[in-house]
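Colleague: Protein chains in written order, with the numbering used here: chain X, 7 to 475; chain W, 202 to 415.
Since the hints were made in silico from the structure, they are not lab data.
Among the hints, a few may not be true.
Claimed, not checked - Using C-beta positions, here's what the derived DEER-type ranges look like:
1) X:D193 - W:P227: 36 to 46 angstroms
2) W:E255 - X:D193: 16 to 26 angstroms
3) X:A190 - W:G284: 53 to 63 angstroms
4) X:E151 - W:D272: 49 to 59 angstroms
5) X:H397 - W:G218: 25 to 35 angstroms
Beta carbons are placed, not taken as given, at the ideal position from N, Cα and C, and that holds for glycine.
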Amino acid sequence: MQRSASAFKQQAELALRDEVLQRALAKAKGGFVDKRRLAVANLPEFETIRTAAKSLKEHTLAHLDFYLEQFEQRVVASGGQVHWAGNAQEACSAVLEILGDQPRQVLKGKSMVSEEISLNAALEAVGHTIVETDLGEYIIQLAKERPSHIIAPAVHKTRDQITDLFHAEHVKYGYTERVTEVKAIVDEARAVLREKFLNADVGITGANFLIAETGSTVIVTNEGNGDLSQILPRVHIVTASIEKVVPTLDDMATLLRLLARSATGQEMTSYNTISTGPRRESDRDGPQEFHVVIVDNGRSEMLGNEFHDMLRCIRCGACMNHCPVYSAIGGHAYGWVYPGPMGSVLTPVMIGLENARDLPTACTLNGRCAEVCPMSIPLPDMLRELRVKEHERKLTGARTRIALQAWAFAARRPMLYQTITRWFTAVLGRFGARNGRFRSLPFASGWTQARDLPAPQGATFQQQWRRHR
Amino acid sequence: MSTAREAIFRRIRQSLGRTDRGAPPPSSWRAALESDVRPRLDREPVDNFVHKLESVSGTVQRIDSSSSLIDALAEHLDRHRLGTRLSAAEYPVLAGIEWPAEWEIHTGPARGDDRVSVTGAFAGVAETGTVVILSSPESPTTLNFLPDDHIVVLRSEQIVAHLEDVWQRLREHTPGLPRTVNLITGPSRTADVEQTIQLGAHGPRRFHVILIEA
Ligand code: SF4
Numbered sequence: 007m008q009r010s011a012s013a014f015k016q017q018a019e020l021a022l023r024d025e026v027l028q029r030a031l032a033k034a035k036g037g038f039v040d041k042r043r044l045a046v047a048n049l050p051e052f053e054t055i056r057t058a059a060k061s062l063k064e065h066t067l068a069h070l071d072f073y074l075e076q077f078e079q080r081v082v083a084s085g086g087q088v089h090w091a092g093n094a095q096e097a098c099s100a101v102l103e104i105l106g107d108q109p110r111q112v113l114k115g116k117s118m119v120s121e122e123i124s125l126n127a128a129l130e131a132v133g134h135t136i137v138e139t140d141l142g143e144y145i146i147q148l149a150k151e152r153p154s155h156i157i158a159p160a161v162h163k164t165r166d167q168i169t170d171l172f173h174a175e176h177v178k179y180g181y182t183e184r185v186t187e188v189k190a191i192v193d194e195a196r197a198v199l200r201e202k203f204l205n206a207d208v209g210i211t212g213a214n215f216l217i218a219e220t221g222s223t224v225i226v227t228n229e230g231n232g233d234l235s236q237i238l239p240r241v242h243i244v245t246a247s248i249e250k251v252v253p254t255l256d257d258m259a260t261l262l263r264l265l266a267r268s269a270t271g272q273e274m275t276s277y278n279t280i281s282t283g284p285r286r287e288s289d290r291d292g293p294q295e296f297h298v299v300i301v302d303n304g305r306s307e308m309l310g311n312e313f314h315d316m317l318r319c320i321r322c323g324a325c326m327n328h329c330p331v332y333s334a335i336g337g338h339a340y341g342w343v344y345p346g347p348m349g350s351v352l353t354p355v356m357i358g359l360e361n362a363r364d365l366p367t368a369c370t371l372n373g374r375c376a377e378v379c380p381m382s383i384p385l386p387d388m389l390r391e392l393r394v395k396e397h398e399r400k401l402t403g404a405r406t407r408i409a410l411q412a413w414a415f416a417a418r419r420p421m422l423y424q425t426i427t428r429w430f431t432a433v434l435g436r437f438g439a440r441n442g443r444f445r446s447l448p449f450a451s452g453w454t455q456a457r458d459l460p461a462p463q464g465a466t467f468q469q470q471w472r473r474h475r
Numbered sequence: 202m203s204t205a206r207e208a209i210f211r212r213i214r215q216s217l218g219r220t221d222r223g224a225p226p227p228s229s230w231r232a233a234l235e236s237d238v239r240p241r242l243d244r245e246p247v248d249n250f251v252h253k254l255e256s257v258s259g260t261v262q263r264i265d266s267s268s269s270l271i272d273a274l275a276e277h278l279d280r281h282r283l284g285t286r287l288s289a290a291e292y293p294v295l296a297g298i299e300w301p302a303e304w305e306i307h308t309g310p311a312r313g314d315d316r317v318s319v320t321g322a323f324a325g326v327a328e329t330g331t332v333v334i335l336s337s338p339e340s341p342t343t344l345n346f347l348p349d350d351h352i353v354v355l356r357s358e359q360i361v362a363h364l365e366d367v368w369q370r371l372r373e374h375t376p377g378l379p380r381t382v383n384l385i386t387g388p389s390r391t392a393d394v395e396q397t398i399q400l401g402a403h404g405p406r407r408f409h410v411i412l413i414e415a
């Protein structure tokens, strides 16, 4: 199904009615949250590290040009090549140029930037074969879907669905039995993918960090798929966005202490791998070519504007794991690459508010995301900012705007405001006295459709305030 | 494409309110944010290393001297019925080793069907139970990922407290990094099927450290 960020409401509604999806989400619920809570509780220095992480990222952003140039210099000095891409199309062209005219067998490690630039489609269109190697990514590639979570791309799939998918897709490799246990599923994927690992020409990975000090790219994985993808083929290509750069290895260590704990509740992910240049002359394995494609895609314009803070994001996924909206509808309803709170900010900023106008409103402003964000990104503030922009640009519905204007008119006139609220409280209180709530109300059917409105009891807040002062 | 590069740098500088490169960050910047971000360890470094690695399904065998290395290896191979066909790195700690005549030892990069590898390491990190392995002609990176079982031989004096100490040792060790620095913390794992943790996704199913406490 083709999804889009502009059809959020319909997609959310479908998601709520999708029983299989709801089962998958119910299974995931809580796991991430509990594990993170425990990991953070076990690190007394967490807040100190969080403060340092914010400062070091802000420092880097304030000197972004300097650190990117330093990174580039060191990559070249260690025998690698750097390619710059202003937007998605330039990024895809850069990769296509490296691949050349022959159709290539391409392995991919998980990379959200490659999703953002739709790299797979661009490569497949000219005849290259892509194999996603992260198990979650592999599952959704077989299902012809997109990731629904930035660190657990197949979190929306149930085990039964995966069993069916593998059964349908792996028969051609001679796997005729249906695998239903988790271990058997993982083993089958391991065996199928092992063949592909050994026969690929090119490996493409993302990067969690770019280290300016050494010209290194860093991947963080639990499976080891990213490592096999980048050490076995002849060519290693890294796609990474400009804000991934940090000054030194020490800075990476600071961020690593937050990343795994916030993402999966681990203290350290199984594999953190620092890659610098191609294999050295006497090395006996490793890629012979090393390319880094550095992608801007709108980020340079976020520097210093009202969405600047978003550039600190280390893509841990904690905000979505703690979001009641995400937990209810999953990631696909958001319609583009990034879901949950961080996606509700990034999507309108990157593809245009007019194409994603429901996302900033699909938030209860409960603030949990900002509370857990290891990089102290004020997500609710930015969502509120986007709502203001929507209102200014008249992207909200006429009824909402008129209602808000009417409210603003009254709110600025205390006498009028008090008269109206007193009158409403009295009338609604009288009519609702019997049931204590309203099941439906004229002009508010959208609200009462899914919930009851409690009937007001007694006086307004201001009346009570005056009485008790 | 230099034009894309120029455009990106122009936009970055514009957003930062500059037209040109600007002064490099003052070297004092780090001091300004310096607070100690290194977690306090609850145990002695070596004990902490063992504890942390074991808590993520790694296994550790502590021995007194390198003379019992072969015995320790044999015991591990035997316990898991791994046979005696090994792919071994030629890391210093393994260089002078006298392999039993009946074992089949292969050096060089791992092959697709290798079952067991034995490597050395550059350092161990007490903070997280992490083993640090550098790529080199003697220590091909594939040994760390292709085999089902990865065995690392580590000396206790190689264990440092924090990641920062590893970087410091690296900077002293060589100018510039080797192609690959692997920080390995336990066996390969995935939770992509219904959030259930399963070991041995693509990399080693077991990760075993033989720790020489001389
Ligand atoms: S916004 Fe914060 S919590 Fe969300 S993914 Fe980014 S760093 Fe993690």
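Colleague: Run every hint past the structure and note whether it holds.
Modeller: Results for each hint:
Between X:D193 and W:P227 the beta carbon distance is about 54 angstroms. The supplied range of 36 to 46 angstroms is therefore violated. Between W:E255 and X:D193, the C-beta spacing of about 24 angstroms keeps the proposed range 16 to 26 angstroms intact. At roughly 24 angstroms, the beta-carbon separation of X:A190 and W:G284 lies outside the given 53 to 63 angstroms, and the hint is violated. Hint check: X:E151 to W:D272, Cβ distance near 52 angstroms, so the stated range 49 to 59 angstroms holds.
A hinted range of 25 to 35 angstroms holds for the C-beta pair X:H397 and W:G218, which are about 29 angstroms apart.
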